[in-house]
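Enquirer: Residues per chain are reported as follows:
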Amino acid sequence: MVIAAASSPAFLPRGELDRLLDLLHDDGRTVIGPMARDGAIVYDEIRSAADLPVGWTDEQAPGRYRLRQVDSPRQFNFTVGPQGWKRFTQPPRVPLGTATRDGVKVEFETATPEPRRLAFLGVRACEIAALLVQDRVLAAGPFADDDFRARRANALVVAMQCTRAVSTCFCTSMGTGPEVTDGYDLALTELDDGFVIKAGSQEGERLLGKLAPGKADEAQQASVADGVAACRASMADQGVAAEGLPARLMDRLDNPRWMEVADRCLACANCTMVCPTCFCTSVGNVSDLDGAINHTERRWDSCFNGDFARVAGGNFRPRRQDRYRQWLTHKFATWHEQFGTSGCVGCGRCIAWCPVGIDVREELAAIAPPYEEPAAPPTPAPIRGAMLDGLSPLPMVSYSPAVSQPAPLRADSSVATVRAVAPETADTFMLWIEPRDAALLQASPGQFVMVDQPGFSPVPISISRVADGALWLTVRAAGAATQAFTSLEPGAQVGLRGPLGRGWPIDRALGRDVVIVAGGIGLAPLRPTIDAVLAQRDRFGQVLLAYGARTPGDRLYLKELDAWANAGVEVAQIVDRAGPEWLGQVGVVTQVLDRRDWHGRDAVAFVCGPERMMQATVSALRTAGITRRRIFVSMERHMDCGIGICGHCQIGPFFVCRDGPVFAVAELGDLFGREGV
Amino acid sequence: MEAEITPRPRVGVVKLASCDGCQLTLLDLEEQLLPLTERFELIEFPEATSRRSSGPYDVLLVEGSVSTPEQLEEIVHLRGQTRLLVTIGACANAGGIQALRNWADEPAWRAAVYPTPDYVASLATSTPVAEHVQVDAELRGCPIDPRQLLELLTALRIGRRPQLDGESVCLECKRRGNVCVLVAGGQPCLGPLTQTGCGAICPAYGRACYACFGPREQANVPSLHGWLGKELPQVQVDRLFAGFNAWSTPFRDPAERAVRHAHGNAAEPDAAGSGADA
Numbered sequence: 004m005v006i007a008a009a010s011s012p013a014f015l016p017r018g019e020l021d022r023l024l025d026l027l028h029d030d031g032r033t034v035i036g037p038m039a040r041d042g043a044i045v046y047d048e049i050r051s052a053a054d055l056p057v058g059w060t061d062e063q064a065p066g067r068y069r070l071r072q073v074d075s076p077r078q079f080n081f082t083v084g085p086q087g088w089k090r091f092t093q094p095p096r097v098p099l100g101t102a103t104r105d106g107v108k109v110e111f112e113t114a115t116p117e118p119r120r121l122a123f124l125g126v127r128a129c130e131i132a133a134l135l136v137q138d139r140v141l142a143a144g145p146f147a148d149d150d151f152r153a154r155r156a157n158a159l160v161v162a163m164q165c166t167r168a169v170s171t172c173f174c175t176s177m178g179t180g181p182e183v184t185d186g187y188d189l190a191l192t193e194l195d196d197g198f199v200i201k202a203g204s205q206e207g208e209r210l211l212g213k214l215a216p217g218k219a220d221e222a223q224q225a226s227v228a229d230g231v232a233a234c235r236a237s238m239a240d241q242g243v244a245a246e247g248l249p250a251r252l253m254d255r256l257d258n259p260r261w262m263e264v265a266d267r268c269l270a271c272a273n274c275t276m277v278c279p280t281c282f283c284t285s286v287g288n289v290s291d292l293d294g295a296i297n298h299t300e301r302r303w304d305s306c307f308n309g310d311f312a313r314v315a316g317g318n319f320r321p322r323r324q325d326r327y328r329q330w331l332t333h334k335f336a337t338w339h340e341q342f343g344t345s346g347c348v349g350c351g352r353c354i355a356w357c358p359v360g361i362d363v364r365e366e367l368a369a370i371a372p373p374y375e376e377p378a379a380p381p382t383p384a385p386i387r388g389a390m391l392d393g394l395s396p397l398p399m400v401s402y403s404p405a406v407s408q409p410a411p412l413r414a415d416s417s418v419a420t421v422r423a424v425a426p427e428t429a430d431t432f433m434l435w436i437e438p439r440d441a442a443l444l445q446a447s448p449g450q451f452v453m454v455d456q457p458g459f460s461p462v463p464i465s466i467s468r469v470a471d472g473a474l475w476l477t478v479r480a481a482g483a484a485t486q487a488f489t490s491l492e493p494g495a496q497v498g499l500r501g502p503l504g505r506g507w508p509i510d511r512a513l514g515r516d517v518v519i520v521a522g523g524i525g526l527a528p529l530r531p532t533i534d535a536v537l538a539q540r541d542r543f544g545q546v547l548l549a550y551g552a553r554t555p556g557d558r559l560y561l562k563e564l565d566a567w568a569n570a571g572v573e574v575a576q577i578v579d580r581a582g583p584e585w586l587g588q589v590g591v592v593t594q595v596l597d598r599r600d601w602h603g604r605d606a607v608a609f610v611c612g613p614e615r616m617m618q619a620t621v622s623a624l625r626t627a628g629i630t631r632r633r634i635f636v637s638m639e640r641h642m643d644c645g646i647g648i649c650g651h652c653q654i655g656p657f658f659v660c661r662d663g664p665v666f667a668v669a670e671l672g673d674l675f676g677r678e679g680v
Numbered sequence: 080m081e082a083e084i085t086p087r088p089r090v091g092v093v094k095l096a097s098c099d100g101c102q103l104t105l106l107d108l109e110e111q112l113l114p115l116t117e118r119f120e121l122i123e124f125p126e127a128t129s130r131r132s133s134g135p136y137d138v139l140l141v142e143g144s145v146s147t148p149e150q151l152e153e154i155v156h157l158r159g160q161t162r163l164l165v166t167i168g169a170c171a172n173a174g175g176i177q178a179l180r181n182w183a184d185e186p187a188w189r190a191a192v193y194p195t196p197d198y199v200a201s202l203a204t205s206t207p208v209a210e211h212v213q214v215d216a217e218l219r220g221c222p223i224d225p226r227q228l229l230e231l232l233t234a235l236r237i238g239r240r241p242q243l244d245g246e247s248v249c250l251e252c253k254r255r256g257n258v259c260v261l262v263a264g265g266q267p268c269l270g271p272l273t274q275t276g277c278g279a280i281c282p283a284y285g286r287a288c289y290a291c292f293g294p295r296e297q298a299n300v301p302s303l304h305g306w307l308g309k310e311l312p313q314v315q316v317d318r319l320f321a322g323f324n325a326w327s328t329p330f331r332d333p334a335e336r337a338v339r340h341a342h343g344n345a346a347e348p349d350a351a352g353s354g355a356d357a
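As they're listed, the protein sequences go chains C and V. Take the position in the first sequence, starting the count at 1, then add 3; the result is the number in the numbering used here. Take the position in the second sequence, starting the count at 1, then add 79; the result is the number in the numbering used here.
Careful: at least some of the hints might be erroneous.
Listed next, with one range per pair, are the computed distances between beta-carbon atoms [as the list claims (entries may be wrong)]:
#1 V:Arg-240 x C:Asp-21: 51 to 57 Å
#2 V:Ala-200 x C:Ala-369: 55 to 61 Å
#3 V:Asp-332 x C:Ala-295: 46 to 52 Å
#4 C:Arg-439 x V:Arg-240: 44 to 50 Å
#5 C:Thr-33 x V:Arg-158: 55 to 61 Å
#6 C:Asp-47 x V:Pro-225: 27 to 33 Å
#7 C:Asp-74 x V:Glu-296: 45 to 51 Å
#8 V:Tyr-284 x C:Glu-48: 57 to 63 Å
One side of the interface only, derived from the structure: several residues of chain C facing chain V at Cβ under 7 Å [stated by the list, open to error]:
#9 His-28
#10 Gly-42
#11 Asn-273
#12 Trp-356
FYI, nobody ran anything at the bench for these hints, they're computed from the structure. Only a predicted model underlies this, so the values are computations on that prediction, with no experimental measurement involved. Virtual Cβ for every residue (Gly too), placed ideally from N, Cα, C.
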């Protein structure tokens, strides 16, 4: 393999490495590089070349890492240790801000990122790839994380090409190394007597100009090429079959091997902690005794944790096999669709640092082996986890006339004032709330807000109406935070963020029959859709609202149900259990749909309720002639951030908070209704 | 101040079979102690006051395992006096180190230890509080962690769910930047099975976690046991689980094997009786 070089490579004698460090220090940078500590190579502050781990080398195997002294002058004679550079680009704990409460008044102050100027010394090719993946995940989406961007912008990358690999390395098969080709300021390759060095950016050129090393001679350049080639060759038999892997893996969601690996997996989260691209976080509160001053902090979390996918009503991934499958399929399959790249860079950390030595390469080979026929996924694969074109995030018909552009996503809450809290049913109530930030009123049907009370985790609540400069939120008192809403008095303040997510694509329903199916509190996010349809009733065909509830007393918006029926919506209600006062239908909501026929009628359906109910409903709607591309469901998942950076609400290639919560069933493919995703 | 307007919740701290270390954690809160007493009325706390109370309690912190007939009677009575019962520490949550006797012949051991065993009224087993009465929350550890205690009290006051994570110790180890003592050091560390909350203290000082916070959700004991057993004799691995949380369900099998193994091989505790049945 020939190393691409913009300018001809130079040679820095080993004794002059300190000159490079001095230059970096002179630029006001703290240099972070490898040190030998506690039996491993870790990244920490390097004051001079003397801090570097001379003569240390590493041996790695599944579940095993050892450092060993060898007779070598080399200072970088090892591969990757337990820590990735994400420790510095996305640190384990980041202060987000302070939420204060003074009586009914609340205030939210956002922390300003003030990153140090850093230089990363000794960044391996796989680690550069990881930084570039992080760029896509944390800074290239609709929301770019300020803290990450600031840290990344303030870090200079001094790369180190690998000339040796350990048994856990597989960068070659992931296409990320060992050659350093991109994403660096300076790149070094270590020889016994010094470093061949080249620049990869203007800043690198500038530093190299000041350093003014001599040219690398032909022998030195050949040594580099040979060393890197030998490194590549040594990995020939220890990779993964990455070609076509995403499709193969997603075809094997039911492979019994998931259960077998779950017997070994500890769900301890070590793989995700050491992975340089795993980015999931959650937010914690540190409060004073009165909850008056609350410091919020974002910290590393993991999809292996029990609370990660938990919502008030249960846990979407209760079993280890669910969590392992989520991690592996996201990393190697759905990451591609979501971020345009693999989530794995082949560094092998998850293999070495797994306490029981689970090797992703073996698991992938067992779960998703290459097809026997070369061009194989035989039938056109079901649409799975692909966004449909033309699903505009905003409907043409809006109940909020001012809508033009979606509001930019924000990480900070703005203050809103409670107008009233009123009971709706035995366990639900309406939170009527007036935001200070007018952008919150520009919500489209099906969107949601994060309601933020100082000292509590923010709660995602769908918007059930926007009117008179205020939001109507229908809330079920399911946990401590929602319970706390019930005691809010008029005039009390809370924080709001939003509007968030992709709502119902009402434009798809123009000129067509509209079928709205709601289960229980699932009517709340559908009410704005009904409002929007009724606002321009003549632009739609027949409109059916099928509403199922556990008991008559669990139905929401009783007066409005009648009003809608009088305004041109066919309202069919059905309850699971009825008392003597109930004269209507008893049963499940699909019974309402069983007698319908929309074949050849281009109808569009909007469905919201518990996932099981939605599953049954979708099946009934398809039988009645509505295709999966025209059936839209609103998905529930654990949401922590609401803006697509915390990872909790992941389903296949989607963040439910950002890409949903409303999806066409065709977009979700066979992830819809599947257990444990 | 708001703290003076709202009535102060009545808090009690009681102990069953235990060493008092957990309740002392409350005193270790030091600078928070006065603000806490302004917000909570400590009506029963023998380590701090000789004033006694019979309840009722809004919050009762219970330390220690149920080890004697009196304790069993007492905990049932206290439950009736208490709105929110919180068990603190490995003894109350899991039976404690003294639960190792659950696999032994209790009268024989009693006779081996006490000159007049008849004076000692003891149940055959040392058991967690939750085996006898409903427990509303638990603080793990041997001893408990002061930050978790403070979080529990803060959460009670604010009305939020206490932020007591169920994740493994490993996450905190990695956040701290500790090098894994199991993977890099070959030490038999129970961190992957153990509930977090301690701040990963032991690995931070280069020693293996011995699970004083007890098993976490989804603790996969057989897998780690099998892995450690590749390097260590089975009995040595079993013994790792025969600690403060031996009686907790996920640890029970290996802990029992360890106790029975020790029992079978150790002459002394058996000398007085027919203890060994393994």
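Enquirer: Work down the list of hints and note, for each, if the structure agrees.
Expert: Do the hints match the structure? See the list:
no. : hint                              : result
1   : V:Arg-240 x C:Asp-21: 51 to 57 Å  : holds, 53 Å
2   : V:Ala-200 x C:Ala-369: 55 to 61 Å : holds, 58 Å
3   : V:Asp-332 x C:Ala-295: 46 to 52 Å : holds, 48 Å
4   : C:Arg-439 x V:Arg-240: 44 to 50 Å : violated, 28 Å
5   : C:Thr-33 x V:Arg-158: 55 to 61 Å  : holds, 56 Å
6   : C:Asp-47 x V:Pro-225: 27 to 33 Å  : holds, 29 Å
7   : C:Asp-74 x V:Glu-296: 45 to 51 Å  : holds, 48 Å
8   : V:Tyr-284 x C:Glu-48: 57 to 63 Å  : violated, 21 Å
9   : His-28                            : violated, 23 Å
10  : Gly-42                            : holds, 4 Å
11  : Asn-273                           : holds, 5 Å
12  : Trp-356                           : holds, 5 Å
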